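Residue numbers (full-length UniProt numbering), protein chains in the order written: chain A, 1 to 248; chain B, 1 to 322.
By construction, these hints were calculated from the structure, which means they are not laboratory data. Being a predicted model, the structure only gives us computed values, none of them experimental. Among the hints, erroneous ones may be present.
With a straight-line Cα cutoff of 30 Å, these simulated DSSO-like cross-link-like pairs (lysine-lysine) come out [as the list claims (entries may be wrong)]:
#1 B/LYS196 to A/LYS163
#2 B/LYS281 to A/LYS223
#3 B/LYS132 to A/LYS16
Quick partial rundown of chain A residues pointing at chain B, CB under 7 Å, derived from the structure [unchecked claim]:
#4 SER127
#5 MET136
#6 TYR138
#7 SER142
#8 GLY161
#9 GLY179
#10 ALA181
#11 LEU208
#12 THR212
#13 PHE217
#14 GLU218
#15 CYS226
#16 PRO231
#17 GLU235
#18 LEU237
#19 ASN243
Every residue gets a Cβ at the ideal spot worked out from N, C-alpha and C, and that includes glycine.
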Amino acid sequence: MKILVCISNVPDTTTKVKFKEDNTLLDDSGIQWIINPWDELALTRALELKEDAGNSVNEVCVINVGGSLTEATLRKALAIGADKAIRIDACPSDAYHVAGQIAEYLKENVYDLIFSGIESSDYNGSSVGAMLAEFMNYSGISSVTNVNLDDDIVVSRAIPGGKQMIKTETPFVAIVQKGIAKEPRIPSMRGIMMARKKPLEVIPAAELPVLTQTVKFELPQAKGTCKMIDPEHVEQLVELLKNEAKVL
Amino acid sequence: MSVVAFAKNWNGKFKNSSYELVSYTKELANQMQTNLVIVSIGKITEEELNKLSQYGADRIISVNDARMNVLTSRVYAEVIAQIAKKESAELVVMTDNNSGKAIAPRVAVKLKAGMVAAVQELPVSIKPFVVKKQMFSGKTFGYVQINSAIRVLTLAKNCFGLVENPVECNIDISHPEVNTGLFKIQIISEEEQKNKVILTDADCVVSAGRGMRSPDNWRPVEELAEVLGAATACSRPVSDEGWRSHEEHVGQTGKVIAPNLYIAAGISGAIQHVAGISRSKCIVAINTDPEAPIFSVADYGIIGDVMDVLPRLTEAFRKSKS
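Just chain A, same shape as in the assembly (with noise of 0.2 Å):
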């Protein structure tokens, strides 16, 4: 079995994002570049599920619709234990676009997994995974908090207030979110060795639309003061809920 993890390249999440000409580009200098949180634990369950020796998953490979300089991010993906790493040279546009490149490559290379995170934390599009299922013609179950290939594949996945199982059969696509595995892992000294010898293959892009185009950004403003209350008198925030902020 082979697994495809795709891998979006986002600012570390505790970047202050600035923006330059005008409001209309983010300006990048000074950010540093982590694989997207919950594509990051994608991976690291499905080396989990490599390394389970009762599974027959031969390959996990990470993919990155990106420029040269998502190539460290996918160098990180190979040092922590992806087998090889694709790059299609294409900008990211929209999730339209990025999964409209990712299923040309599907096209070409059959996979029976296919991870992808719930959304990137950049622009929050939330769209890429159940875009590339319908692309592929391929069933998708988003909300994934765990995949197992014991006898049968079985997805386990987060419905408000529960949880439910299904059974499922390959290829699928498995959009993840936190829970699909405990804690991301760190890439060890013998793992940033290894991942200089692995494959990452730059691929050329497809001729695909770009529908969508974020033309300007705006930060939020500033909030108004924060007003105290005595915590002796905590009666008084009861009454300005009520009668001020209306909430209650």
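Dock chain B against chain A, hints included.
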């Protein structure tokens, strides 16, 4: 031309988010000078459908097919795309919840439509079509222009609100053809905690962080939540430590929520946490540290120990209720 909106029901019942979607799309259809078509899928009564007419739904297509009582994103996307084509939709909208996240991208691919997820307000312009949405999990806003002839949007919950607009309503029953192969999904088990307030739906959320000091100290949080009819939530370190379930984690990598009232107890307010709660209408922070960043985003603050303040608050809310 039309605006097609998919109003999801839960076991034959609509929620406020369904009414909010109708309110939003009615206004949008007016702005675009076109008709609104509401799509409902699965078994539902006429009486329930008529509730949508309170918010401006004058035409509803009800796909009253028992096979569709269980939501399968492939089937729903197929049905919605078929209707959108038949109604010459230039815009398809649904709520940004779990099902909307699963269905809308599929509809977008079927219709070759540019899509924007989790918009919060009406478009800033129709020609060109530009919408505003949160990006970087609320650290910023972005204006996105959609260049395709058909567009797909999902609407973030609790942003637009409900707008009453009672109209006469026509209900058409429709039976679209769907490839039966798409129904194959085998659910082996399902667990649901009954009577629990669902975090992403909750009007009021009581959330706690490391300031609680131990997972054994959660009783005051739960008591306050009970009095308020609130859902409970937590910060990332708390869920990472296993003090509370991942289901409760709100923040950039957890759930992004927008309740009317968010009470943050013993949460310092790291940038990633604030990203998940910034759309809340009112934020109350309780913390021992007056310098905690949570106070810079809060509307009301109490400096004090959560173990001392929470029981007092519970008591005060209880008194005001009786």
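Worksheet item: For this structure, which hints from the list above don't hold up?
Response: Result: hints 5, 6, 10, 11 and 19 break, sorted rising.
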